[in-house]
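S.K.: Chains A and S are the protein sequences, given in the same order.
Mapping to this note's numbering: the first sequence position 28 is 28, numbers consecutive.
Mapping to this note's numbering: the second sequence position 142 is 372, numbers consecutive.
Everything labelled a hint here was simulated from the structure, so no lab data went into it.
Computed from a prediction, not measured in an experiment: that's the story for all the values here.
Yeah, the Cβ is synthetic: ideal placement off N, Cα and C, and Gly gets one too.
Do not rely on the hints blindly, as some may be mistaken.
If you want a taste of the chain A side facing chain S, the calculated C-beta under 7 Å gives, among others [stated by the list, open to error]:
(1) E8
(2) N52
(3) L57
(4) D78
(5) R84
(6) N85
(7) F90
(8) H96
(9) R100
(10) L104
(11) L109
(12) P110
(13) Y113
(14) G148
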Amino acid sequence: MTTMVRMEAITKTYCLGEVSIPVLKQVDLSIAQGDYVAIMGASGSGKSTLMNIVGCLDRPTTGEYFLEGKNLTTLNEDELAYIRNQHIGFVFQQFHLLSRATALENVMLPMVYANLSQQEQHQRAIQALTSVGLSEHLAKRPNQLSGGQQQRVAFARALVNQPAMILADEPTGALDTKTSQDVMHLLQELNEQGITIVIVTHDRDVAAQAKWIIHLQDGSVVNQACNSRL
Amino acid sequence: MSPPVRYRRLSTVKVLMMAADALWSNRLRTGLTTLGTIIGISSAIAITSIGQGVQKATEQKLQALGTNVLLVQAGVTTNNSSQGAATLTWEDSQAVSQQVTAAKAVSAFLQKPQVQVVYAEQKIVTNLIGTDKYYPEVKNIYPQEGQFLSQDDVNAANPVVVLGSKVRDRLFGLNASAVGADIRIQGERYKVIGVMEPKGALGEVDQDDQLYIPLTNMSARIVGNNALAGLAISGLWLKSNSEVYLDAAQFQVTNLLRLRHNIYPPQPDTFRITNQKDLINTLNSVVGLFTVMVVAIAGISLIVGGIGIANIMFVSVVERTREIGIRKAVGATNAAILHQFLAEAVVVSCTGGAIGVGVGIVISFGAATIFQFPFVVSLWSVATSLGISCVIGLLAGLIPAHHAAQLDPIVALRSE
Ligand SMILES: Nc1ncnc2c1ncn2[C@@H]1O[C@H](COP(=O)(O)OP(=O)(O)OP(=O)(O)O)[C@@H](O)[C@H]1O
Ligand SMILES: [Mg+2]
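With the sequences and hints as input, model every part of the structure.
M.R.: This is how it looks when you write it as structure tokens:
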């Protein structure tokens with residue numbers, strides 16, 4: 001099995017004036033293609049920071065990050081934007097949909113930047129929304145959709161450029177138990193299709209579905225265990 | 231894994247369409263933002279157009295009077311009244327007519343303002359001119375009815391009169407027939423032999439509000455002698471062969487009269503010459519100055535409009551920080567964000583410019599219709615206005631768009 005993500009001695013330090021705050025300390029991480037990893041840890045332990053680095057939204061202070069064997073540490077902003085667009089799908093706890101755009105337009109957004117034809121954008125967006133069960137709600141704006149539906153729009157947007165990896169930072173954090181389960185099923189399905197999944201969660205039940213659980217504490221990986229359930 | 235070139239740049243049309251979309255979804259603000267540009271551009275278009283229309287109207291009037299005409303008046307330049315010193319004589323006008331090669335026709339005249347004229351019960355006061363048969367040709371004004379003074383009338387000092395159209399209207403009623411009637415000018419009886427065509431007023435001189443009698447007849451009434459020899463005249467009109475020879479004619483007339491009157495440098499002329507072309511040039515320079523001022527004012531309002539656009543763009547960037555974060559998170563490059571906001575600024579200001587052009591045209595058309603001057607809109611002013619409004623949008627959008635493009639995606643996403 002090929003390696004999707006390999007991180008070597010990643011650190012992230014924020015400087016607030018004179019004070020430097022180490023948020024990630026020498027994190028080593030390896031995620032295989034087709035893996036399903038859950039990251040857990042107390043609030044403030046650095047989970048989101050780590051996810052943002054994995055998702056190329058942020059850069060580590062030191063250390064090396066290889067995605068599909070390619071060293072990303074030296075890439076410029078445009079190249080990182082391209083990777084975010086083509087290789088990674090990001091799902092946020094707060095959904096982060098464009099409030100003035102419809103579900104369809106939101107899902108089309110990554111394809112706008114991929115410079116696909118209008119027709120192809122349309123077609124693929126409808127397909128993605130259908131695959132998350134929202135074919136009835138194409139023209140609705142986020143404020144006309146429930147939380148679970150909004151999160152599914154976010155998933156459709158993450159999927160639409162056919163990324164190799166989906167990153168979800170507390171995707172069920174804002175959802176009730178029932179809708180959380182829908183999202184979990186969706187993640188399970190995607191993983192079965194061969195997409196690498198990394199989620200951050202506080203919820204043991206959600207984490208239980210993953211193949212691996214990584215525990216973060218004060219910016220260090222303290223425990224990396226194969227899920228006992230498997 | 232490196233990005234293909236086509237990924238880096240969206241097509242301009244696409245970017246503009248996205249910008250138009252975003253602006254449309256915030257119509258009210260977009261409308262208010264364009265106001266500065268609309269006001270700037272419409273006032274620039276309206277005022278340049280009105281200026282050009284007025285200029286054209288005045289030029290047409292001057293042209294009707296003849297652009298190849300000189301007026302030589304007796305007396306020195308200082309006082310503006312027509313009763314200057316008696317420095318020009320009938321012989322001077324004959325000499326000008328015979329010796330100035332650039333002259334096509336010369337007409338001598340005597341002038342007396344505020345003369346009382348009576349017909350039946352009607353009593354009016356108007357301007358009396360004694361002249362010769364060359365007057366119509368020189369001044370490009372012809373009888374509408376009857377005929378002008380003939381050589382015989384001048385030779386015999388006949389008591390005949392030709393009326394300006396307005397004098398006819400005032401004495402006989404609007405467009406009433408007057409030829410053949412007898413009127414009294416300062417108590418003396420005159421027979422009306424013609425009525426001139428209307429020409430309209432220009433400045434203080436209303437050509438239609440005048441009476442014409444033979445030069446000799448007038449001199450008899452003023453100096454008690456109808457001989458032309460030695461007669462002091464008020465001045466003469468000279469028509470040159472063409473506009474091109476006007477300056478030459480002026481030069482020749484000046485030299486000839488100075489010689490005849492024994493004036494040598496540094497003595498000044500004892501007559502003054504008005505050149506129709508000078509009038510047009512003066513008019514043009516006045517209109518030009520006016521236009522410069524208007525363009526300056528329009529420029530200032532455009533700058534204010536541009537600052538308004540920049541301001542709104544800054545607000546828009548701050549408001550849409552999260553949107554920028556989202557766009558970057560799904561793969562927008564800095565350049566894509568930069569182009570998006572630049573395009574919005576340009577679309578706003580060009581739309582404002584286009585609306586401004588429309589409003590300006592409507593205003594100037596209205597003004598031209600109400601005040602009766604030709605409606606002129608130059609392609610040049612429209613093209614410049616549109617070009618300037620686009621450039622202003624570009625400049626106004628530059629800093630806010632750069633600011634938006636440089637936002638860190640994580641920071642942008644976290645903003646609310
Ligand atoms: N821009 C920043 N400047 C300074 N400190 C920061 C910044 N971003 C994050 N931190 C700090 O880094 C630490 C880790 O933050 P992070 O968001 O990764 O935590 P987390 O594990 O995701 O927590 P939660 O479960 O609450 O989401 C926190 O202590 C936070 O205060
Ligand atoms: Mg977090």
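S.K.: All the hints need checking, so say for each whether the structure fits it.
M.R.: Hint by hint, here is what the structure shows:
A cut of 7 Å between beta carbons decides the hint on E8 of chain A: the least distance to chain S is about 19 Å, and the hint is violated. Checking N52 of chain A against chain S: minimum C-beta separation of about 6 Å stays under 7 Å; hint holds. Interface restraint check: L57 of chain A against chain S, minimum CB-CB distance 5 Å, threshold 7 Å, status holds. For D78 of chain A, the interface hint holds, since its Cβ comes within 7 Å of a Cβ in chain S; the closest pair sits about 5 Å apart.
Hint on R84 of chain A holds. Least Cβ distance to chain S is approximately 5 Å, under the 7 Å limit. At a threshold of 7 Å, the smallest CB-CB gap from N85 of chain A to chain S is about 2 Å, leaving the interface hint in force. Given hint, F90 of chain A at the interface with chain S, holds; its Cβ is 6 Å from that chain's nearest Cβ, closer than 7 Å. About 5 Å separates the beta-carbon of H96 of chain A from the nearest beta-carbon of chain S, less than 7 Å, and the hint is met.
The beta carbon of R100 of chain A is positioned within 7 Å of a beta carbon in chain S (closest approach about 5 Å), and the interface hint is therefore held. Annotation: L104 of chain A was flagged as interfacial toward chain S, and the flag is violated, the nearest CB pair being 14 Å apart, outside 7 Å. Here the hint on L109 of chain A is kept, as its CB sits about 5 Å from the closest CB of chain S, short of 7 Å. For P110 of chain A, the interface hint holds, since its Cβ comes within 7 Å of a Cβ in chain S; the closest pair sits about 4 Å apart.
The beta carbon of Y113 of chain A is positioned within 7 Å of a beta carbon in chain S (closest approach about 4 Å), and the interface hint is therefore held. Proximity of G148 of chain A to chain S is violated relative to the hint, the smallest CB-CB distance being about 20 Å (cut-off 7 Å).
Figure legend: structure checked against the earlier numbered hints; hints not met, in rising order: 1, 10, 14.
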